[in-house]
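Place chain B on chain A using the hints.
So the chains spell out like this:
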Amino acid sequence: MTETIGLWVGAIFTIGIYSFLYKENPLYRLAEHLVVGISTGFGIAITYTQVLRPKLIEPLANGEQGAWLLLIPAILGLLYITRFFPSVGWLSRYPMAFLMGAGMGVGFPLSMKSLVLRQLEASLTPLYETGMAWDIVLGNIVLVLGTLAALIYFFFSKPHKGPFFGTGSKIGIWVIMVGFGATFGFTVMGRISLLIGRIQFLLGDWLHIIK
Amino acid sequence: MKRSVPLAIVMVGGILFMIQYFIPHQHSQTLFEYYTEWAPIVGAFALVLGVGSLTRLHSHKIKRKAKNWQYSYAVLIPLYSIPFFALVMPQSLGGGMMQTMGGDRLTMGVFDFAYMNIQVPIQATMFSLLAFYIASAAFRAFRAKSALATVLLLSAVIVMLGQVPIGELLGKWFPKVGLWILRYPNLGAKRAISLGVGFGVLATQLKIIFGVERNWLGGAGE
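Chains A and B supply the protein sequences, listed in that same order.
With our numbering, the residue at position 37 of the first sequence is 37, and numbering never jumps.
With our numbering, the residue at position 147 of the second sequence is 147, and numbering never jumps.
These are computed hints drawn from the structure, not numbers from a lab.
You may find that some hints are simply not true.
Chain B residues, not near chain A, derived (Cβ > 12 Å throughout) [as the list claims (entries may be wrong)]:
| id | residue |
| --- | --- |
| 1 | HIS25 |
| 2 | GLN26 |
| 3 | LYS63 |
| 4 | ARG64 |
| 5 | LEU169 |
| 6 | LEU170 |
| 7 | GLY171 |
| 8 | LYS172 |
If you anchor each label on the Cβ, the simulated ranges turn out as follows [said to hold, decoys possible]:
| id | chain 1 | residue 1 | chain 2 | residue 2 | range |
| --- | --- | --- | --- | --- | --- |
| 9 | A | ALA133 | B | VAL212 | 46 to 56 Å |
| 10 | A | GLY190 | B | ALA149 | 14 to 24 Å |
| 11 | B | THR30 | A | ILE199 | 53 to 63 Å |
| 12 | A | SER157 | B | GLN70 | 50 to 60 Å |
| 13 | A | LEU124 | B | ASN68 | 49 to 59 Å |
It should be emphasised that the depicted structure is a prediction, and the values quoted were computed from it without experimental measurement.
Cβ coordinates follow ideal geometry from the N, Cα and C atoms, glycine included.
Just chain A, with the same shape it has in the complex:
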């Protein structure tokens, strides 16, 4: 019984969302408001059960050794609430400062590693090795020169003129266009597979028209 009700509820909301393709309507508005409420409610439940209870409440309640130190982040966190009171709202900057400062400090070497060094390292690939297929060799050349050319295109401190910057930026825009096209195609396929999933749900699970 619960499963049948669930199927109907899911189907009604699925149709409700698709009805937006025609025009905005009460069922769509209800669905979009429900998503906000449920996902935030889900966030509260997860934050409480995964973070606050095991990391703060239980250690304090059990009187674990050194648990009193957890009162510092708890008080810092509570300072966020001062944002609701304009006269002391500036106190909410303290927890933000803690998270921003420490987060930026911890994040800096990690960003350097993952977004810059690892990318450079991966670009320094041998173009040719014995026994390598021609399409891989061509791919390696396109990959290395393409990365360099696309970087030149994004480098705006020098005018895109001359054999290096001019030609480099021209090749760069071609590589970027191929990349954007491929990303677009990939995204479209992802969305289409979601659409197929929903249609399978409606016609299969709900209406039993298809198996």
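For chain B alone, coordinates are given in the frame of chain A:
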């Protein structure tokens, strides 16, 4: 006190934790452990702020009977009932998945019901809705008006056809070329963008640490 102390906390914290990464010492490790323990706790309280703002916004809408005020109940009721049911029936807190314990399937709680039959279908449908918009956007953007637009069109078509059975029927090379485009020129472009983003992120992080970028302070208690 209102601006200088938070800015000082950011600078000291930022420099301290940046240096900490390069010092493989016990004290340095302990400092990092404190951060990993404390940061989620402090961050969790930010949710109170978000929930409070959302509640205030929608309760004001209901009080003033503003346009579409009835829908505010659709936000507020699940906002408070979902955590309530999740805590009353904690066995249903499995990310919406039915749990099995000792061979028995646990009864689906209200939390699970709302997650599996409202949240999941609505979100999946909303994302799939983009398929329609992306198709109409493609119709406008993918007209081969120039050589570059043609390259964009060809690349997208080959990648799309390379992923469906009809592509292989049209030409056996479609999947191979599609994969080659994804692996090489696409990766080259993505890598250049990633490097650009990386340098941007690093510059922004330094600007925040050294107090050049102060927008995060907001205007509270100015």
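Hints, verified against the model:
1. The claim that B/HIS25 is not at the interface with chain A holds, since no C-beta of that chain comes within 12 Å of its own (minimum 16 Å).
2. Distance check for B/GLN26 against chain A: the nearest CB is about 16 Å away, which clears 12 Å, and the non-interface claim stands.
3. At roughly 17 Å, the least C-beta separation between B/LYS63 and chain A is larger than 12 Å, which holds for a residue marked as non-interface.
4. The Cβ of B/ARG64 sits about 17 Å from the closest Cβ of chain A, beyond the 12 Å cut-off, so the non-interface label holds.
5. With a minimum CB-CB distance of about 17 Å to chain A, B/LEU169 clears the 12 Å threshold, and the non-interface call stands.
6. Residue placement check: B/LEU170 keeps its beta carbon more than 12 Å from all beta carbons of chain A (closest about 15 Å).
7. The claim that B/GLY171 lies off the interface holds: its Cβ sits roughly 16 Å from the closest Cβ of chain A, which is beyond the 12 Å cut-off.
8. The beta carbon of B/LYS172 sits about 14 Å from the closest Cβ of chain A, which is more than 12 Å, so the claim that it is off the interface holds.
9. The given range of 46 to 56 Å is respected by A/ALA133 and B/VAL212, whose C-beta atoms sit roughly 50 Å from each other.
10. Between A/GLY190 and B/ALA149 the CB atoms are about 23 Å apart, so this pair conforms to the stated range of 14 to 24 Å.
11. Between B/THR30 and A/ILE199 the beta carbon distance is about 55 Å. The supplied range of 53 to 63 Å therefore holds.
12. The supplied range of 50 to 60 Å is met by A/SER157 and B/GLN70, whose beta-carbon atoms lie about 55 Å from each other.
13. Taking the beta carbon of each, A/LEU124 and B/ASN68 are about 57 Å apart, inside 49 to 59 Å as hinted.
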